[in-house]
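Oh and the sequence shown: position 37 is 126 in the numbering used here, straight run, nothing missing.
Calculated directly from the structure, the hints in this document are not laboratory data. We treat Cβ as the ideally placed atom computed from N, Cα and C, and that holds for glycine. Treat the hints with care, as some may be off.
[Unchecked claim] Heads up, simulated EDC-like pairs for lysine to aspartate or glutamate below, C-alpha to C-alpha not over 20 Å straight-line: (1) K109 x E96; (2) K109 x D131; (3) K97 x E120.
[Claimed, not checked] Simulated restraints, written as ranges between beta carbons of each label pair: (4) I92 x H122: 13 to 23 Å; (5) R108 x A135: 25 to 35 Å; (6) R110 x I134: 11 to 21 Å; (7) A135 x R110: 27 to 37 Å.
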Amino acid sequence: MVILWAEKPSPELGELCGRKRVAIFPVGSTEQHGPHTPTGTDHIIA
Numbered sequence: 090m091v092i093l094w095a096e097k098p099s100p101e102l103g104e105l106c107g108r109k110r111v112a113i114f115p116v117g118s119t120e121q122h123g124p125h126t127p128t129g130t131d132h133i134i135a
C-alpha cells in the first residue's frame, strides 16, 4: 500500500504508523501545520 504523507494530517499519520510497518522514502520537506491540514501544505500552496 502506498500512502502519500503530504496528503494526510499529522494525527492520521500517527494512527497509520501505529498499525502498519512503515518504510519512509523522503523526497521533499513535510511538516505539521496543525491537526487539520495535510503535512504537505507548503508544497501544495507553492
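Here is what the structure says about each hint:
Restraint check for K109 and E96: the C-alpha separation of about 18 Å stays at or below 20 Å, so the hint holds. The suggested pairing of K109 with D131 is violated, with an alpha-carbon distance near 26 Å, which exceeds 20 Å. Between K97 and E120 the CA atoms are separated by roughly 11 Å; this keeps the pair inside 20 Å, and the hint holds. For I92 paired with H122, a C-beta distance near 18 Å keeps the hint of 13 to 23 Å intact.
As the Cβ distance of R108 to A135 is approximately 31 Å, the hint placing it in 25 to 35 Å holds. At about 31 Å, the beta-carbon gap between R110 and I134 misses the expected band of 11 to 21 Å. Range check, A135 to R110: Cβ separation about 31 Å, and the 27 to 37 Å hint holds.
In the structure shown, a violation is registered for the earlier hints numbered 2 and 6, in ascending order.
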